[in-house]
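Participant: Chain by chain, the residues run as shown.
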Amino acid sequence: MTTTNKLRRRNTLLFLSFVLPAAIYMVLMVIFPIFYNIAISFKNVDLMNFARGGSEFVGLQVYKDIFEDPILGTSLKNTLVFTFWCLLFQFPIGFAIAMLFSRSFPGAPALRGINFIPWMIPMVAVAGIFKYMFNADIGIINRLLTSLHIISEPIQWLAYGDTAMASVVVANIWKGVPFNMILLATALTTLPEDVYEAAIIDGASPVQRFFRITVPLLKPAMLSVLTLGFIYTFKVFDLIYVMTGGGPGASTEVLSSLAYRFSFTEYNFSEGAAVANVLFVLLMIVGLFYIHLVNKEDRERSGK
Amino acid sequence: MSIAMKQKQKASRVIYLILGIAVTCLFLFPLYWMVSTSLRAPGSTFINPSFFPESIQFTAYVLETENGVSIWSYFMNSVVVSLGTTILTTILAIPAAYAIGRFRNKTVSTIIFIFLVAQMMPSSLILTPLFVTFSNLGLINNHLGVMLADATITIPFSVIILRTYFKDIPKELEEAALIDGAGPYATFLRIMVPVTYPGIITAISMSLIMSWGDMVFSLTLLTKDSLRTLPLILYKAMGELGVRWEVLMAYATIVILPIIIMFVFLQRFLISGLTAGSVKG
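Chains Z and R, in that order, give the protein sequences. Per the working numbering, residue -12 is the first one in the first sequence, and the count goes up by one each step. Per the working numbering, residue 15 is the first one in the second sequence, and the count goes up by one each step.
Hints were generated in silico from the structure; no laboratory data involved. A portion of the hints provided could be inaccurate.
Taking lysine-lysine pairs in the DSS-like style, the calculated list, with each CA pair at most 25 Å apart, reads [claimed, not checked]:
| id | chain 1 | residue 1 | chain 2 | residue 2 |
| --- | --- | --- | --- | --- |
| 1 | R | Lys250 | Z | Lys(-7) |
| 2 | R | Lys238 | Z | Lys283 |
| 3 | Z | Lys283 | Z | Lys206 |
| 4 | R | Lys185 | Z | Lys283 |
| 5 | R | Lys181 | R | Lys120 |
| 6 | Z | Lys(-7) | R | Lys185 |
| 7 | Z | Lys64 | Z | Lys51 |
| 8 | R | Lys185 | R | Lys120 |
| 9 | Z | Lys30 | Z | Lys51 |
| 10 | R | Lys20 | Z | Lys283 |
| 11 | R | Lys238 | R | Lys250 |
Work out the full structure, taking the sequences as your base and the hints as a guide.
Facilitator: Given below as C-alpha cells:
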C-alpha cells in the first residue's frame, strides 16, 4: 500500500515537472488576463488612470453604457452577417475542391498542396492584396467586371456599406477555402471504397452516392470544419481593421474591431474590455460544443 | 476491365487534371497579381496595370520606407520576434504535451480544457489587460513583450497538436527504455522526443508562421517605429503610401515569401499540422 502511494506521489511530481512551466505561463499570460479583463470591465479605466491607478469600481455601469450604445448591436449584427456569408460560401467551395482533388489523377496531391497556401498567408497581407484588387480606379475586379459588361461604371467597393462588407467577405473566403478543403479532403481519403463499389453495383447514381454515402460518413468532419470555421471567422480582426477599419461609418465594424477601437483609439479601456467579454461569451457557446467534439473523439480513440 | 472502360477512365483523368489546373490558376490569381504588380516601374500603377508587366524592375523592393529605413530592417525585427516566440513555445509546449498525452490523472482533462479555450479565445480578450500590465512592467516597445503575447496563440496550438503524437506512441517503447534503466527525463529526451519529430517539426513551423503573421500584438505593444515588425509596416504603409501599389505589393510579397519557402520544404508537416489540430471525425 505504501509503495503504491509512493509510486503515485512520484508520478504526480514527475507529471508536474513536465507540465508546470507551461501551466505557469498559461496562468500568467492567459488565465490572469481573462480575469483581469473582467475586473477592468467593472471599473472606469481610461488613459488618465490606467498606469498610475485610481480607477474606481462602477459595477455594471460599463455594461449598461455599451448595451445602450447602438454600435454594439450594429457590430454584433455585422459579425453575424460576416460569419454567415463567409461560411455559406467557403464551406461548399472548399468541399467541391476537396472532391475534385480526392479523385486520382496525375498531380492531384501537388495541386491540393498548392491550393493550401492562402490559409498560411498572414491576414494583413490578404487584406492588402484584396484592398488593391477591390480598388475602384485601378482594381482588377472592376476591370474584369467592366470588360465582361457585368457593370458599366466602376464600383466604389470600399466606399459603401454593403459592397465593403462583400469585399471583406470575399477576402476572408479566399483565406478560408483551403482550410475547409484540406480538412474535408483528408476525411474523404478515409472513406471505405467498397461501400461505393457496392452502391455502384446496386445502380446508385453519383448524386445518390454523394447524399446517401459521402455526406453521412463525412458528418463528423463537416461538423468540425463548420464549428472551427465559425470560431475563426467570428473573432476576425486583422482583415477588417486593415481593409476597411470598420467603415465606412460602422458598416463593417465587428465585435473585435469595436473592442479594439474602444480600448486603443478612444482609450476607454473598460468599454473595450466589456465588448471583448461579450465576444468571448458568444464564442464560447460554439466553443464548448467544439470541446465536446474533441472530448468525444478522445474517448473513441482510447476506446479502440 | 474492358478497353473502352479503360479509355473512358483515362479521358476522365485528363478532364480532372485540366479542371484541377484551372481551379488552381483561378484560386491563386491574387498571388500572381501581387507579385506581378510588385515588379513594375515606380508610379506605373497609377494607370490600369496590364496583365503582364511591360518590364521587370526590383525598385519597389529596395525602396526605403517613409522614415528612411530599409524594409529589410523590419524584416529582421520579424525574424527576431518569430524565432523568439517559437523557441519559447517549443521549450514550454513539448514537455506539457508529453505530460497530458502520456499521464492519466484528474487534472489532465482540466488542463486540456484550458488549452482548448485558449486556442479559441479572441486576442482582443487579453489585449487590454496585457497592455496595462506590460505598461507597468516596461514591456511596451520591447520585442520580449510581443514574443510573450504571440506565445498565447502558439503554445495552445502546439500543445494540442503534439499531445496526439505523444498519445499514439506505443506504451511498450516507453516501458522498454525505463526497464533498460533510463530515468524518466532521459526517456523523454532520448526516446519520446525523437519519435515524435514529425509533430515537433509541425509545431515549430506552425509557431513560426503564426508569430510571423501576427499584427494585433505588434500593433498594440510596439509604438516605436524602429522596433516594428513587417506585418505592421505593411499596414502602416497602406495608410501612408496610398496608391503606390507596386511598393505595397512588394511589401506584401516580402511578408509572404518566407512562408512560401517554408511551404516548399515542409508541405507535408504543415498540412498535417492543420489536420492534427482539429477533430478529424
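Participant: Would you mind marking each hint as holding or not holding in the structure?
Facilitator: The hints, checked one at a time:
no.	hint	verdict
1	R:Lys250 with Z:Lys(-7)	violated (60 Å)
2	R:Lys238 with Z:Lys283	violated (47 Å)
3	Z:Lys283 with Z:Lys206	holds (14 Å)
4	R:Lys185 with Z:Lys283	holds (22 Å)
5	R:Lys181 with R:Lys120	holds (17 Å)
6	Z:Lys(-7) with R:Lys185	holds (22 Å)
7	Z:Lys64 with Z:Lys51	holds (19 Å)
8	R:Lys185 with R:Lys120	holds (20 Å)
9	Z:Lys30 with Z:Lys51	holds (12 Å)
10	R:Lys20 with Z:Lys283	violated (43 Å)
11	R:Lys238 with R:Lys250	holds (13 Å)
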